[in-house]
Amino acid sequence: MAASSYFLVIFENERQENRRAAFLYLVVAHVGAIAILLSFGVLAGFATKSESFLGYTFDAMRTAQLPIEWATAAFFLSFFGFAAKAGVIPLHVWLPEAHPVALPMYRH
Amino acid sequence: MKRSPASGWAGSGDSTVEKSCPGWKIPGLFSYKTAIENSAGDEESISIAEFLLRGGIYQAIHASTKGEAVRSSLERIKNADYRYRYKELFTSITDREALCPTSVGNGIALPHPGSFGKFTASSYIALCRLERPIPFGAVDNEDVDTLFFIFPKNERRFLRIQAKLLRLLRKKRLFRRLDGCSFQKSYTGARYCGSWQKKRRRSSGRLTYDVRSDFNGRRISSAAFRNGDAGAPFQEHQQILITMSFALATVASFLGVTAGIWSVGSGITNQVILPIGLPDLPFHLRLDALSGFFLTVIGLLSLFVSVYSIGYIKGYLGQRSVTSLIIFYCIFIAGMMMVVLADDALCFLVSWR
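Just so you know, the sequences run in chain order P and Y.
Take the first sequence: its letter number 13 is residue 866 in the numbering used here, and every next letter is one higher.
Take the second sequence: its letter number 58 is residue 360 in the numbering used here, and every next letter is one higher.
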């Protein structure tokens, strides 16, 4: 999703501001993805099937029992990750750059 | 491109001209004495076409910024001119551009040096067309791909040339026909300039007819020209691609909406394990009421966007290839739907990315 919308933003790539906006968007999306991945790691570590990869299924994560500190960490990591992509206030820098240059109907 | 002895000045053994402009050859169409000797009275009678003949027309100049465009244009024009102080001229033109961009809209700009008379003894214009439009700080915010370099010998000349040019450029059709016309490469190009001027005077003689037959074959749309593509068959292909893929996307979105509404309505949770992904962690998909709700939202959105895109993307036909746009659009929609359907971290991250 992030990569393909990067290519949608740079569709009119002869303008420098389009390329800049798309790059900024890609950076933010990837930093966010790393945060989400980390929060998944925290959740999976406490999941019941954590010895195998099946700890990474959301089914296993739903039943995980987390101490309060790790639960807080997981919450903030995933909050940061999703907020970056959604353009929540402190992480919104990419939004005003990418939106005007994307084709009108793909502004999401 | 041979100098015709009949044109007079070359045949008369005018060695000063020969020395001052080596390699500068002109087909025998105009009064070259006026062009070379440039007394004020004579220049008054010269048309834009004649000014262009002196400067030349240059196609497909490679540039991505304003400075680059000016530099590479000047490099190309240098071949045609003889009183050139290249670096000074470049600085003068860029300084003038920095003062206020010389673009006049419709993708056209009229760059010129800030001070006149220093660089050239006789006025001339050079038409440079860029490979692709670049941002120029134009009044209409449109990118510029057509540069009329004006090298006037004095301010009066400059204003006059500018006025003439602006009047001519109102006629887009005439202007567009300059596509594919090159002064440097071919004699036809120069002859075409001649007909351009003659047409302006409403005398459509044999010359105009010649040019028509010469250029019919080469008169491709400027868009296809930029693409470097053959034109019609390519566009047809893309047309089919647009219709097919967006129709498919529409159908897929509709299915997504149906599935979403159904799962919210029935409250049934469906789980599927796909045989792709890592050996120990295949992709898990899960459609429950919550993801059904989001699937409905995404599906409705992409349904309408897909329908709208069929018409909207057609605007890009002939301007650029839309294949990449379509591919990434479809991946994008698929990614959005997979994100809400994912039931394990790997599947989620793959679709998230």
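Don't read these hints as lab results, they were simulated from the structure.
Quantities reported herein were computed from a predicted structural model and do not represent experimental measurements.
Yeah, the Cβ is synthetic: ideal placement off N, Cα and C, and Gly gets one too.
Treat the hints with care, since some could be wrong.
What the hints assert, rightly or not - Label-pair ranges, simulated between beta-carbon atoms:
#1 Y/Ala362 - P/Val941: 20 to 30 Å
#2 Y/Val441 - P/Arg873: 42 to 52 Å
#3 Y/Tyr388 - P/Ala939: 25 to 35 Å
#4 P/Gln869 - Y/Asp442: 31 to 41 Å
#5 Y/Thr560 - P/Ala924: 46 to 56 Å
#6 Y/Leu580 - P/Val941: 24 to 34 Å
#7 P/Ala939 - Y/Lys389: 15 to 25 Å
#8 Y/Met546 - P/Val941: 34 to 44 Å
#9 Y/Lys389 - P/Gln869: 19 to 29 Å
#10 Y/Thr625 - P/Leu877: 21 to 31 Å
#11 P/Gln869 - Y/Ile578: 50 to 60 Å
#12 Y/Glu444 - P/Phe876: 31 to 41 Å
#13 Y/Phe606 - P/Ala856: 16 to 26 Å
Said to hold, decoys possible - Listed next, the stretches of chain Y that the computed footprint assigns to chain P, with coverage defined by at least 3 CB atoms under 8 Å from CB atoms of chain P:
#14 350-359
#15 451-459
Structure-based check of each hint:
1. Y/Ala362 - P/Val941: 20 to 30 Å: At 46 Å between Cβs, range violated.
2. Y/Val441 - P/Arg873: 42 to 52 Å: At 23 Å between Cβs, range violated.
3. Y/Tyr388 - P/Ala939: 25 to 35 Å: The hint (25 to 35 Å, Cβ to Cβ) is violated, given that Y/Tyr388 and P/Ala939 are roughly 53 Å apart.
4. P/Gln869 - Y/Asp442: 31 to 41 Å: Taking Cβ atoms as reference, P/Gln869 and Y/Asp442 lie about 18 Å apart, which means the hint is violated.
5. Y/Thr560 - P/Ala924: 46 to 56 Å: violated (37 Å)
6. Y/Leu580 - P/Val941: 24 to 34 Å: Holds: the Cβ-Cβ distance is about 32 Å, inside 24 to 34 Å.
7. P/Ala939 - Y/Lys389: 15 to 25 Å: At roughly 52 Å between Cβ atoms, Y/Lys389 and P/Ala939 fall outside 15 to 25 Å, so the hint is violated.
8. Y/Met546 - P/Val941: 34 to 44 Å: Holds, at about 38 Å.
9. Y/Lys389 - P/Gln869: 19 to 29 Å: Once the Cβ atoms are compared, 26 Å apart, the range 19 to 29 Å for P/Gln869 and Y/Lys389 holds.
10. Y/Thr625 - P/Leu877: 21 to 31 Å: Because 25 Å falls inside the window, the suggested range holds.
11. P/Gln869 - Y/Ile578: 50 to 60 Å: Taking Cβ atoms as reference, P/Gln869 and Y/Ile578 lie about 39 Å apart, which means the hint is violated.
12. Y/Glu444 - P/Phe876: 31 to 41 Å: violated (24 Å)
13. Y/Phe606 - P/Ala856: 16 to 26 Å: holds (24 Å)
14. 350-359: Violated: only 0 residues of the stretch 350-359 of chain Y have a Cβ under 8 Å from chain P.
15. 451-459: violated (count 0)
Comparing the model with each numbered hint stated earlier shows that hints 1, 2, 3, 4, 5, 7, 11, 12, 14 and 15 do not hold.
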